[in-house]
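Novice: Chains as they are written, first to last, in the numbering used here: chain A, 107 to 434; chain B, 131 to 374; chain C, 7 to 370.
One or more hints might be untrue.
What the hints assert, rightly or not - In silico lysine-lysine, DSS-like type, Cα no more than 25 Å apart, as pairs:
#, chain 1, residue 1, chain 2, residue 2
1, A, K310, B, K266
2, A, K431, B, K266
3, B, K152, A, K308
4, A, K310, B, K277
5, A, K308, B, K266
Hints were generated in silico from the structure; no laboratory data involved.
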Amino acid sequence: MSPQWRQWFPKFIGFAIFLLPLLFINPKTYITLTISGLAMGMLLFLVSSGFSLIFGFLSVLNLAHGALFAWGAYIGFTAFSLINKWTGWGGSNSIFSNMLIFLLVLMVAGIGVAILGVVTERLVIRPVYGSHLFQIFITVGAMIVMEELIRIVWGPNDEVMPVPMNFMGSWDLFDVVISKYPLIAIVIGLIIYFGIYTILKKTKLGLIVRAGVENPEMVQVMGHNIYRYFTGVFAAGSALAAIGGGMWATFVKSINPAMGGEVIVFALIVAIIGGLGSMTGSVVGALMVGLSYNYVAYLIPKAALGITMLLLVVILLIRPTGLFKEGT
Amino acid sequence: MEVDLVAEPILKVEGIHTFIGKHHILQGVSFDVHPGKVTVLLGRNGAGKTTTLRSIMGLLSPSQGTILFKNQAIHHMKSFDIARLGIGFVPEDRGLFNLLTVEENFRVAMFQEDKSTQQRVETILEIFPDLKRFWKAKAGILSGGQKQMLAISRPLVNKNELLLIDEPSKGLAPIVIDHLIEAVQKLQEQTMIILVEQNFYMASSLGNDFYIFDDGRTVLNGQMEELIRNEELKKKYLGISGTT
Amino acid sequence: MKKNGLNPVQIFHLKEKEERFRNPSFFLRILLLAFFMTTPFLFRSFEIADVVLKIIIFSALVASYDIILGYTGIVSLGHVMYFGIGSYFVGIFMGKLGLTSYGYLALAILIAVVISGILSVLIGFFSLRIRAIFFAMVTLAFMEFTFILASQLRPITGGEDGISFKLPGIFAIDYSLGRFLGVEFTGRMISYYLILLVSLILFLLMLRFVHSPLGRVLQSIRDNEQRSIALGYRTYLFQVMASSFASCVAAITGGCYAIWVCYVSPDSSLSVPIMLDVLLMVIVGGMGTLYGGIFGAAFLMITRAFLPKLQVLIASLLPGVPFAIRLSERWLFYFGLLFILIVYFFPKGVVGTAQEIISRRKAE
Chain A
107 MSPQWRQWFP KFIGFAIFLL PLLFINPKTY ITLTISGLAM GMLLFLVSSG
157 FSLIFGFLSV LNLAHGALFA WGAYIGFTAF SLINKWTGWG GSNSIFSNML
207 IFLLVLMVAG IGVAILGVVT ERLVIRPVYG SHLFQIFITV GAMIVMEELI
257 RIVWGPNDEV MPVPMNFMGS WDLFDVVISK YPLIAIVIGL IIYFGIYTIL
307 KKTKLGLIVR AGVENPEMVQ VMGHNIYRYF TGVFAAGSAL AAIGGGMWAT
357 FVKSINPAMG GEVIVFALIV AIIGGLGSMT GSVVGALMVG LSYNYVAYLI
407 PKAALGITML LLVVILLIRP TGLFKEGT
Chain B
131 MEVDLVAEPI LKVEGIHTFI GKHHILQGVS FDVHPGKVTV LLGRNGAGKT
181 TTLRSIMGLL SPSQGTILFK NQAIHHMKSF DIARLGIGFV PEDRGLFNLL
231 TVEENFRVAM FQEDKSTQQR VETILEIFPD LKRFWKAKAG ILSGGQKQML
281 AISRPLVNKN ELLLIDEPSK GLAPIVIDHL IEAVQKLQEQ TMIILVEQNF
331 YMASSLGNDF YIFDDGRTVL NGQMEELIRN EELKKKYLGI SGTT
Chain C
7 MKKNGLNPVQ IFHLKEKEER FRNPSFFLRI LLLAFFMTTP FLFRSFEIAD
57 VVLKIIIFSA LVASYDIILG YTGIVSLGHV MYFGIGSYFV GIFMGKLGLT
107 SYGYLALAIL IAVVISGILS VLIGFFSLRI RAIFFAMVTL AFMEFTFILA
157 SQLRPITGGE DGISFKLPGI FAIDYSLGRF LGVEFTGRMI SYYLILLVSL
207 ILFLLMLRFV HSPLGRVLQS IRDNEQRSIA LGYRTYLFQV MASSFASCVA
257 AITGGCYAIW VCYVSPDSSL SVPIMLDVLL MVIVGGMGTL YGGIFGAAFL
307 MITRAFLPKL QVLIASLLPG VPFAIRLSER WLFYFGLLFI LIVYFFPKGV
357 VGTAQEIISR RKAE
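Construct the complete structure from the given sequences, taking the supplied hints into account.
Specialist: This is the structure we're talking about:
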């Protein structure tokens, strides 16, 4: 396959995903599906970007990432109940206080899991820097421990995830049904993406991280304590997973200790498609997967996962390293 | 910079043994770097020169021996602390961040972003006007020679006292090497340099003191002028015959 | 230098063979085999025979995984997919299609083997050329995909509930051969011995494979791929060969498993937790040591069967607080911690570390 083809084929796929379904679905349903597809994409982005960033910068395969995702959901769950009990913001009809409690909950989940991430990095990841194989092993162990810890602290059953009052339901605009929450999820996701983008491109911290993705040794030689950055990036990646977890839980309205396992496979696929170590790749990959999954789920429900696998295989064939390079 | 005739070595490397895995690479390396002089490390491939630089820089930890920088022991320090003492490193592969712009490459290197740093940047850009031209371009698009200029000048945005340069002439055309020699000669005014070079032409143009490495040991040292005239030595340790 | 007309490599092999019988661990292995053969008689309880047979089956599965991971150096996270394929073909033939006869049983396993072989070759061709970690994730994704496929295609696979079936002839549970040494020789027992025999043959096959010239090439690829390529070996071809051999073995073990439990479902044959189990077993036992699989399988199976009982005991001693009860209930939690410690202190696994200590002692 000639290089030029390799260049525009992915873009072609992108457009195809967006436009082909229009042939089969009526425009109004299309809009609803697009929104939920974008929302799902945003959530996948949050989870996979953390994984991708950690892999790009630390060169570490963190299979416990899914467990961190679950922890985010659970901390969010508890935080919501507590804050709501205290302020009643969740139950109120004001969209303002709904947003407030939601953002607060996400922040708490993010910070909580970031701390968990720091501990994990120090204890579990540091000893296995440099060996992908042992990283797989030890992070699997960590995943088991974290998941079991959830079962110990919260119990092994599914729980219902509370959703702020005004987030539920949808708006009806010109006969098009637009669910509220997915829209909110998209907006929050975009804000986070731009936040990360700005930090990476404009701040010195981001600069060092981007340099470290290319050559961590050199960054160290230039006088920066790379180990602190490792811990920091790991914590940040974990926080992203946690926020993804909290938002996902609100999306599906339930949490269970094994929820990490379901999502991690998708996150992995998204990360591979987008290119490990690339933020832009995570977004694009996530949106592609999210959209295609939703469209196909509507048309042929059983083939939904199939389309994701198909995408993976196609991308692997023409661009095995993923759509975008490390560090973009 | 004034040359101190009663020179206390700025860097003292004594009896270094370094292992990489189970391979005993450095088996007793010793040399001194005197202020005002360019010290050249010579020797065949695999003799241990790069390993020595990496040991000094803290990327490898010597199992025996000492490294003193301005009388401070640095052989057990971490790389980033060593860098902050004023030692810069230009590795064989140049260590540039190709996806970052030239400006960003410099920024990563800066310890502080203050006036004196700014001034140093301007001085560098005067010596290397090409870098000014490509200031906002990604480092990856620069030519080989320009990349080398960037790699060598980058550490100098800080108050740098010692610069370790590993085979800068590698892969460069002869005329570019001439430019490089000029550039390094100008830089020499600012900082002490340890140069690892296979290219004898470059080594002899720049070097004052030399140390020859063989099999992980420093076997010979002296003044560059003596070496240039000594055909036998050149052939034995460097594999060079005739004039280079 | 030739001795009796043999070249140095042949002399080395001869010496190896001689030493084999003088090796103490050889007797250990014979003992183990004897134990497996007499378990149904030693322990009248079915439960114990069940655990032991599962250990046997998983030992073979883990050993096949070890060939890929430990000997060839490929990280696959979807190996259990072939196990599942083996199980499912037996299940579909015996259950859904009702073709209960010895012939069809053998055919089912044969087809499963062929499909597994082909599948692993395809996946290998696509993915072995890319970075190792990608391969791991791709195999994981494929296994997940198969899992979901099995869950959804109800008419063929029985969906999430799976397929229960009966075995033909002498393997059927209600068949009896009469009493022997005081124990009823039921179809179950016969299945036990069949599976033991099959697993033994598989294990010996794998040993042969690993010690064959092909096996040695694989080890050299694992240790230094660049060098092997420089020596002229098309490394990825060898890797694909090893991978397909291992997946065929895995398919057979899957068939055996289905025969033993007379049931197949996505969760019991194709799921990620099973893959994790196999991973755990190979790590605990030791990569690159086929016997490690036996230890790892035994460790996990015994822990899983008996720790919960230990727990009930402990729980009865600790009253009241749900948190404390749960702390003692979740034995998997302690297992996870134990596992991390094992990876940390015994990176070569228990059997691997033992082997290392022994060879170090020999060298002194």
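Novice: Which of the listed hints are not met by the structure?
Specialist: As far as the earlier hints go, only 3 is violated by this structure.
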